[in-house]
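S.K.: Fit chain B to the given chain A structure using the hints.
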Amino acid sequence: MSNSKPTGPLWVNAEITYKCPLHCVFCYNPLDYTSTYDSELSTQEWINAFRQARKLGAVQLGISGGEPLVRKDVEELVSEASKMGYYVNLITSGIGLTEERIAAFKEGGLDQIQLSFQDSTKELNDFLSSTKTFELKQKVAKLIKKYDYPMVLNVVLHRQNIDHIEQILEMAEAMEADHVELANSQYYAWALKNREYLMPSREQLERAEAVTNRFRERLGSKMKLYFVVPDYYADRPKACMNGWGSVFLNLAPDGLALPCHEARMLPGLEFPNVRDHDVEWIWNDSPAFNAYRGDSWMKEPCKSCDEKGKDFGGCRCQAYMLTGDATNADPVCAKSTHHGLITQEVEKAQNTVVCADEVKPLLFYRDDKNSRKLGNIPS
Amino acid sequence: MSLAKNKAISLHRQFKFQWEPAQEKYVLLYPEGLVKLDESAGHILKRVNGKNSVEDIIKDLEQAFPGADLRQDVIVFLEHAHEKGWIDVE
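These protein sequence lines map, in sequence, to chains A and B. Per our numbering, the first sequence runs over residues 1 to 379. Per our numbering, the second sequence runs over residues 1001 to 1090.
The following block holds chain A by itself, in its conformation from the complex (with noise of 0.2 Å):
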């Protein structure tokens, strides 16, 4: 820990509910989500928190979830958070965006809406023929640009969805995309447990790549694109979250602070909760936020390495998941004794793709059951 005092976050992630109509299998919600269904803050602890990271000099706020919209105070949490001057993100799969709904946020100042694009049914090989999915993304793509919003869609790609690309690539054309992420999911959470299956082969994706460099060749600055190969498949990690504590604040659905998406799971540390705690505390002081702030808690390779200011050794959590000690190197670096857990996995991977429908018995789907189940929650 470095004796300076941080730099405020800049970037907070409001998880204002973990409650989700979708239950997709590549959820990065952690897996005993359902334990906070009786502790979510209210509209007014949420606004304090915001101030309070408002204060410490963030500019950025997603509003996110589980599915944000679930709540029925998100048009207030838009326009409170307007008014303190955030660029005020809302990440949705767009279930639950009506009219009534978009003209509020939009009247509240909302700047951005992401809308998040998944195969999450139980009807796997469905998606793309899901006249559901389609029209309700078609409803809400119109909507989006009468708002006068730019069409950002983020979709997830994996071993069974990834040969689709063409499809969901024109699919983006047809709602006039501006900007398209195709992100392969990243295996934390319910993403781990369905790493086997969501895991595309090499193949999968340079034909992935290939079809998204004809589209982009095509359409140029009309829809731009991204494209995001699994880390796993790289021999450098990641810098991950740009440093722990370093920019980046999340907040979950009770109120529990954290450096990242996924930090709950890791053993030895005690999450401070806005509830009892001043952002400002949490973000400068707590034990939690300064574990793993700069660089003296690193061991080998780490510690010696020319790059550890550029990737900080890549992701505690996937350090700790992988290995059990989250002081390692992420095991994605080539540097790591571990590495070779990456490698096996990524092999594993380069297997004939089986197809969907036998695929889909094995898959572990996100939901309040199987959530309960593994937090040992009574239902």
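The hints are simulated quantities; they were obtained by calculation from the structure and are not laboratory data. Since this is a predicted model, take the numbers as computed values, not measurements. The hints are all genuine.
Derived Cβ-Cβ restraints for the label pairs, each shown as a range:
1. A:Lys5 x B:Ala1004: 42 to 48 Å
2. B:Arg1013 x A:Ala104: 15 to 21 Å
3. B:Ser1040 x A:Lys373: 57 to 63 Å
4. B:Arg1013 x A:Asp276: 38 to 44 Å
5. B:Asn1049 x A:Glu307: 41 to 47 Å
6. A:Gln167 x B:Asp1060: 48 to 54 Å
7. A:Lys83 x B:Asp1060: 25 to 31 Å
8. A:Lys83 x B:Asn1049: 17 to 23 Å
9. A:Ala104 x B:Lys1005: 38 to 44 Å
10. B:Glu1024 x A:Glu170: 46 to 52 Å
11. B:Gly1085 x A:Asp276: 39 to 45 Å
12. B:Glu1039 x A:Leu341: 49 to 55 Å
Some chain A residues well away from chain B (every beta-carbon gap over 10 Å; in silico):
13. Ser42
14. Gly108
15. Ser116
16. Glu166
17. Leu192
18. Val229
19. Arg236
20. Lys303
21. Ala334
22. Leu341
23. Arg372
All residues carry an ideal CB built from backbone N, CA and C; glycine is no exception.
M.R.: Chain B alone, transformed into the frame defined by chain A:
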């Protein structure tokens, strides 16, 4: 890219320009990011309001900072801003 000098310019709708007390800087906010602006960039963007043209902004700045030769700097910055997509020409 040469920028029309007599047409009104406005901030692109995806960007928000504001003073940040915590950073003591003008910033430009956009989806998932921010640009911290130096003082002169702040003075220029403050005058981008959908009515002023490049010439109007230069004139206004020359009045605010008499004696300063800022014409070229303003043009270079606004052309850069235009290339970055921060501003639109009406």
